[in-house]
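So the chains spell out like this:
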Amino acid sequence: MSVNPDLLREKLTAEIGAIHVDVEDTSPNRCAASFKVLVVSPQFEGKPLLQRHRMVNNCLAEELKEIHAFEQKTLTPEQWEKQKAQ
Amino acid sequence: MNSIVRTTARCLRSGAWQYRTAQTNGDLLTGRARLMCSSSAAQKTLEEMVKKDKVVVFIKGTPAQPMCGFSNAVVQILRMHGVDSYAAYNVLDDQDIRQGIKTFSNWPTIPQVFFNGEFVGGCDILLQMHQSGDLVEELQKLGIRSALLDQEKESK
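Protein chains in written order, with our numbering: chain A, 1 to 86; chain B, 1 to 156.
Everything labelled a hint here was simulated from the structure, so no lab data went into it. Remember, it's a predicted structure, so these values are computed and weren't measured experimentally. We put the beta carbon where it would ideally sit given N, CA and C, even for glycine.
Computed beta-carbon distance windows for the label pairs:
| # | chain 1 | residue 1 | chain 2 | residue 2 | range |
| --- | --- | --- | --- | --- | --- |
| 1 | A | Glu62 | B | Leu149 | 38 to 48 Å |
| 2 | A | Leu7 | B | Arg145 | 42 to 52 Å |
| 3 | A | Glu45 | B | Asn106 | 19 to 29 Å |
| 4 | B | Met67 | A | Pro28 | 16 to 26 Å |
| 5 | A | Glu81 | B | Asp150 | 33 to 43 Å |
| 6 | B | Arg145 | A | Asn29 | 29 to 39 Å |
| 7 | B | Lys52 | A | Lys84 | 42 to 52 Å |
| 8 | A | Glu66 | B | Gln43 | 21 to 31 Å |
| 9 | B | Gln128 | A | Ile19 | 16 to 26 Å |
| 10 | A | Gln43 | B | Asp150 | 36 to 46 Å |
| 11 | A | Asn57 | B | Asp94 | 15 to 25 Å |
| 12 | B | Gln43 | A | Glu15 | 23 to 33 Å |
| 13 | A | Ala61 | B | Gln76 | 21 to 31 Å |
Okay, the calculated bits of chain A under chain B, using three or more residues with CB under 8 Å as the criterion:
| # | segment |
| --- | --- |
| 14 | 49-59 |
| 15 | 63-75 |
For lysine to aspartate or glutamate, the following EDC-like pairs were computed, each having C-alpha atoms within a straight-line distance of at most 16 Å:
| # | chain 1 | residue 1 | chain 2 | residue 2 |
| --- | --- | --- | --- | --- |
| 16 | A | Lys73 | A | Asp25 |
| 17 | B | Lys141 | B | Asp53 |
| 18 | B | Lys54 | B | Glu118 |
| 19 | A | Lys73 | A | Glu45 |
| 20 | B | Lys102 | A | Glu66 |
| 21 | A | Lys47 | B | Asp134 |
| 22 | B | Lys102 | A | Glu62 |
| 23 | A | Lys11 | A | Glu63 |
| 24 | A | Lys47 | A | Glu78 |
| 25 | A | Lys36 | B | Asp124 |
| 26 | A | Lys11 | A | Asp22 |
| 27 | B | Lys60 | B | Asp96 |
| 28 | B | Lys44 | B | Glu118 |
| 29 | A | Lys73 | B | Asp124 |
| 30 | B | Lys54 | B | Asp84 |
Only chain A is shown next, with the shape it has when bound in the complex:
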């Protein structure tokens, strides 16, 4: 089963209320299935980084078994707006 970026996006939206998800397939740069995701969700509010990343990890637990390298950036809607404005 090859991991599908759309599937990742769907799961993140459905399970952790992501309002925005960017999925970049970085596999061409690496030796195996690799992805980079940006997840924006109000559910990240008030949560430290590690907790946010664990939420994403739990959501994508099945897919991560097949993924070799995984980068993630987790932002609240407010942080995302700020970042976009920069």
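Here the structure of chain A is known, so what remains is to put chain B in place on it, guided by the hints.
For chain B alone, kept in the frame of chain A given last:
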């Protein structure tokens, strides 16, 4: 199945295996960890490993020669902050460690960073902590003064 056979063989052979922890100044330190033949015992060993030093990282390769871009990022960030005394375990040397540490911290990837025995995160988190200034603060809590603080003073 093969790994059980290998593990048993190692038990019979020496009862111990060596970790080479390389520090950024190039010196090699050898750490010994007793190999025990059950996975809960292996988890216990990992627990001891992460508590033994203030800063512990599990990476691919060594600080002198990282074998992966993300592991290298962790090494470089620590170097930037002048953290030169830390334990680095090369997961490529031992598949039991490579898998065991993922189970231990419930985290799917390498590198993994521990401060004071507590899991901090991987490369992404360390990088964000570095960019936000949180890393300087966390190091301070460990009693480590970040080199970046001194740099700031000099430039003023």
